[in-house]
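Enquirer: Line by line, the protein sequences are chains A and B. Note that the working numbering has the first sequence beginning at 951, numbered continuously upward. Note that the working numbering has the second sequence beginning at 59, numbered continuously upward.
Bear in mind the hints are in silico, worked out from the structure with no lab data behind them. Hints may be right or wrong, so weigh each one.
What the hints assert, rightly or not - With a straight-line Cα cutoff of 27 Å, these simulated BS3-like cross-link-like pairs (lysine-lysine) come out:
#1 A:K1008 <-> B:K84
#2 A:K1019 <-> A:K999
#3 A:K1019 <-> A:K1008
#4 B:K84 <-> A:K999
#5 A:K1018 <-> A:K999
Here's the letter readout for the chains.
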Amino acid sequence: AQSVTQLGSHVSVSEGALVLLRCNYSSSVPPYLFWYVQYPNQGLQLLLKYTTGATLVKGINGFEAEFKKSETSFHLTKPSAHMSDAAEYFCAVTGGGYNKLIFGAGTRLAVHP
Amino acid sequence: DAGVTQSPTHLIKTRGQQVTLRCSPKSGHDTVSWYQQALGQGPQFIFQYYEEEERQRGNFPDRFSGHQFPNYSSELNVNALLLGDSALYLCASSLTRHTTDTQYFGPGTRLTVL
Chain A
951 AQSVTQLGSH VSVSEGALVL LRCNYSSSVP PYLFWYVQYP NQGLQLLLKY
1001 TTGATLVKGI NGFEAEFKKS ETSFHLTKPS AHMSDAAEYF CAVTGGGYNK
1051 LIFGAGTRLA VHP
Chain B
59 DAGVTQSPTH LIKTRGQQVT LRCSPKSGHD TVSWYQQALG QGPQFIFQYY
109 EEEERQRGNF PDRFSGHQFP NYSSELNVNA LLLGDSALYL CASSLTRHTT
159 DTQYFGPGTR LTVL
C-alpha cells in the first residue's frame, strides 16, 4: 500500500522568501514521486517528478525537490517566492507497475508582499 | 497540440439522477484515468482505462462506471447521484500505463448535486 502525507495544509510566505512544502510518503515498493500544482478553478500541472537516478530533481518555475529514501521524504523548495506561486500544491506517489497516482491532501501556498 | 479536454465545465444535477462526463486525451496518449477531487482534498483515483477496458479501480462503488472508445476518448458515468458526489472530476491521460509515465490533467468538470 502507498500513502502520502503533506505536513501543513496552509503555508504563508513573503515574496522573495524561501518556499518549503513538506511531503512524506509510505510505499512497500520503490516509489516514484511527483509534485503537481493547481491554480484556482484549473486542473493539475506537473511541477517535477522523481523516478530513478539523481535524487535532486529540478522542475518548472524554479522549483526543486530532493528524494530522501532514509527519511521517506520528497520536500518541495523554491529559493525565492513570487506572487504567482500562490496555488495549491499536491505531492503524489506511484509504484508497483502502473501509474495510478496516490495524492496527499495538498498544501495551499499564500505569498504576501 | 491540444492537451486533455473535458466537457462539460460545470454541471448541476439532483439526487438520484445520472450523469455522464467526457474526456479527450492528449494526442498520442492511449491511457485515461479519472479522479474525484472533493472540496479541500486531494484527488482520489476512480479508475483507469486502456485498450477500451478498465484496468485498475480505486475504492469507488459500482455506481461509478466508465467507457473508453477506439479513439481513446473516455466517459465517466455516475448513477443514482448522492450529495457526496459533488466534486471536481479530473481526467488524466498518459502515453502508457507505466509507473513513471506522467499523467497530464484536464481542467476538470465541476459537478454539483442538489
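Enquirer: For each hint, tell me whether it holds in the structure or not.
Expert: Evaluation of the provided hints:
no., hint, verdict
1, A:K1008 <-> B:K84, "24 Å, holds"
2, A:K1019 <-> A:K999, "15 Å, holds"
3, A:K1019 <-> A:K1008, "17 Å, holds"
4, B:K84 <-> A:K999, "19 Å, holds"
5, A:K1018 <-> A:K999, "14 Å, holds"
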